[in-house]
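Residue-level listing of the chains:
Number of protein chains: 2
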Amino acid sequence: MSADFQVVHTCRGSKARAGELHTPHGMVPTPVFLPVGSQATVKTLTPDELKGIGVTMVLANTYHLYLRPGVQVIERMGGLHRFMGWDGAILTDSGGYQVFSLAPLRQVTDEGVVFRSHIDGSQHFITPELAVQFQEALGADVIMVLDECPAHDDSFDRVQEATRRTHRWAERCKQAHRRPDQALYAIVQGGMFPRLRQESARYLASLGFSGYAVGGLSLGEPKQVTLAMVEETVALLPEDKPRYLMGVGSPEDLVEGVARGIDIFDCALPTRVARNGALFTWQGRVNIRNAAYSQVDGPAVPGCDCYTCRTFSAAYVNHLFNCQELLAYRLATIHNLSFISGLMRKIRSVILDGAFKSFREDFMAAYRPTDEQVRLSQKQKWLRSRGGIVQ
Amino acid sequence: MSADFQVVHTCRGSKARAGELHTPHGMVPTPVFLPVGSQATVKTLTPDELKGIGVTMVLANTYHLYLRPGVQVIERMGGLHRFMGWDGAILTDSGGYQVFSLAPLRQVTDEGVVFRSHIDGSQHFITPELAVQFQEALGADVIMVLDECPAHDDSFDRVQEATRRTHRWAERCKQAHRRPDQALYAIVQGGMFPRLRQESARYLASLGFSGYAVGGLSLGEPKQVTLAMVEETVALLPEDKPRYLMGVGSPEDLVEGVARGIDIFDCALPTRVARNGALFTWQGRVNIRNAAYSQVDGPAVPGCDCYTCRTFSAAYVNHLFNCQELLAYRLATIHNLSFISGLMRKIRSVILDGAFKSFREDFMAAYRPTDEQVRLSQKQKWLRSRGGIVQ
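Here the protein sequences come in this chain order: S and Y.
Residue 391 is where the first sequence ends in my numbering, and the numbering goes up by one at each step.
Residue 1391 is where the second sequence ends in my numbering, and the numbering goes up by one at each step.
No wet-lab data here; the hints were simulated from the structure.
Treat the hints with care, as some may be off.
Stated by the list, open to error - Each computed DSS-like pair below joins lysine-lysine, with the alpha-carbon atoms no more than 30 Å apart:
#1 Lys-1015(Y) - Lys-43(S)
#2 Lys-51(S) - Lys-241(S)
#3 Lys-51(S) - Lys-1241(Y)
#4 Lys-1241(Y) - Lys-43(S)
#5 Lys-51(S) - Lys-1043(Y)
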C-alpha cells in the first residue's frame, strides 16, 4: 500500500483542511509537521522521544544519506526505518535542494547534476532515475522527484529554464518509479514568478502524482512573497491530493500555510533554533540563554506540559546552555518539537470543529515573531535587488 | 539522617565487601560507581535515563557549581537535587581537586586558596569553612573536606606540606559542618609516599569522619603505584566506614579497587571515553568509530542488553559518530554507564555469593585494557622522572 490520502474536513471561509495520510507505517493525521532528520536522526533525540512528543512522520535527506553512510549500507540494513529505529512514517527529500544549496561546483544538464560532496569534495553524478532508485533503496513511505531549485533572486529566464527542467525530470522520475508501497510526490517550482508557478502546478498536476510539493520557497524572500506563491500554486493543484510546503515551519508560517490549504510541512527551524536557545511560546520566541532566566525557578515556558518544562526550571535549562552542556540542546529540542506537535494537533482539532478562522485570528494576534526587524530588513534588501518586481 | 553505612558481607581471602549506604535519598548498595555530573548534569543524559540504567548516586563538583550558576542560585532553587531533577543520592566534591588541577594562578596559605576561574579569570578565595558552607547550601547527601592535592611527581617535602595542611583543613571542615542530614568524608592524601599515606590515614581516622576518601591518585602515576597506595591507605582506615577511591573508574580499576576494600568510586572516564566512541565490553574497549563497524548490522556490543545495543545497530551508531551527531555521544554514554552499572551489580552479587575471587580472576583474564601501550610508556617516563624511587 502506498501513501494514500483522504481529506476529512475542509473549513468554510478558508482553504484549511484536515486529512489522513495512510502509509505502510501508520496513519498520519494532517496538517502535519515533519521534524528534520537529515542524517537519519532528528538531532539529539531518540525515536522513543519523538513518539512521546507525538511525532508521526519525519523527513530524511537522500543527499546526506547518499554521502554518509551510503544508500547501499542502509539498504543492506533493511532500509531507513530499521536503520534509524523509527517505525513511524518517513518522507525522503530527493536531494535536489541540497545539491543546489550545499554542494559546490555543480554542473546541471538535462541528463542530471554533477556535484561535489560538501564533506570531502568527491565528485558525484545524480539523475532523476538515480534519485528514485536511491529513495527506493532507502525505503521511505513518501519519496520526492529530483528538482532543480533556483535561487530566490534568479532572473525570470533562469527560473523558467530550471522550472521546465524540473518538469522533464518529474516525468522521468515517474517513469523510473517501481515500488508500489512508496508514494512519489512532484515538486512545483517557478521561483517568485506567479506565471511560472502556475505553469508548473498545471503541468505537474496533468502528469498525475500521489502528492504535490511547493518547492523553492522560504529561501530569503519576504514572507508575503512566500505566501503569495503558495496561493498561486495551491489554487491549481488537485483537491484530493496532499500538498506539501517544503522547508517552512515557524509557528506563524504553519498557521498561515494551513490557511492556504497546505497539508504537510517540514523545516529544520524548530530544532535548529532550539539548539541556539530559542523556545517557542504562544506569544512568540523567547531565548532561554537570556541572563534573566538564571533566576527563574518555574518552567521555561509557563503552562507548557512538555517533558522539559514539566521536569526542569528555566534556571536549570539556562545553566545548561551557559555551560554548553549537551543536555541543553536536547531539552530545548524536546520543547520546540512538543510545541509544534501541540500546535498541529490544535490546528487539526479547530479545523474539525469549524473554528480554524477564529483560532488563526487569535493566534496571529497573540504571536509576535521575534525576528520582525530581521525580516523587515530582508524584505527591503530583497525588494531593492528585484527592482520591486513582486509585491 | 545523614548517610549511614553498614558492611553486609566481607569476602574471605580478599578485602572486597558489600555494603549499604543509607542516605536521605535512598539506600545505595555498595560497591558503587558514581557517574560524574560536574555541572549538575551527567553529560547528555536526563535523570530518568540514569534511573533506567540503574544509577543510584551521582557526583557533582562544588568548584564548577560555585562558578556557574553559583551556589546561592542552586540554594534558592531548593538545592541540588531539585535543581537537577535527581531524587537519588548525590555526593559533592569540595572543589579542592579542581582548584589544584583546573584553576590557574592559585596561591595556597594555611587560611585557604586564592584562585582564578578557568572560565573568566575572575579571582576567588576558598577556605575549608567556605567549602563546607557551599556544600551545605548545595545540599548533597555526602560532602567532602577541602584538601590540597599535590601533583603526582611533587617532592616528598612538598607532598608532606600539602598532606599536613589537608589534615588541618579536615579538622576545620569538621568544626564548620552543621547539617546533620549530610555526611562529611575526609580525604587521605600523601602522594606516592607510603609513609605519608599511612600518616594521613591514621591521623584522619583519629578525628572520626563518616567516611574516608583516598585522594590524589590516578593522576598519571603507573597503575601499580595507584593500587599500592590504595592498599597502604585502606589498611589503616576503620572497617565500619565507607572508603571512597576518588577519580578512578575504568572497569579493571573498579575490580581491583573492590579487591582492595574500596566501597565507592567516581570517575569521568566512562562518560568521557564514550564521547570519543570507546565502548566497554567484557573483553576490553572497542571503538565504534572504527570503519569496520559501518557494515555491522548487529549491536555494537553483542550480548549487551543496554538501550543502545538493544535498539540500534553498530552501523547506525558508527554513522552517528561519523556525522558528529549529538545522539552518538548520548548512545555511547548510555552503553558505558550501563556496562559499569552492570559490572558493579555483578561484583556485589559475587561478593555476597562468596565468589568474588574467581570472578576477579576470570574478569582480569578476559579483560584486555586497550591502552596497555600508553600505560607502559607512561610508567617508564614516570619512573625515570622519579629516579625509580617507588616500585
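To see whether the hints hold, each was checked on the structure:
no.: 1; hint: Lys-1015(Y) - Lys-43(S); result: violated (47 Å)
no.: 2; hint: Lys-51(S) - Lys-241(S); result: holds (26 Å)
no.: 3; hint: Lys-51(S) - Lys-1241(Y); result: violated (46 Å)
no.: 4; hint: Lys-1241(Y) - Lys-43(S); result: violated (45 Å)
no.: 5; hint: Lys-51(S) - Lys-1043(Y); result: holds (23 Å)
Figure legend: structure checked against the earlier numbered hints; hints not met, in rising order: 1, 3 and 4.
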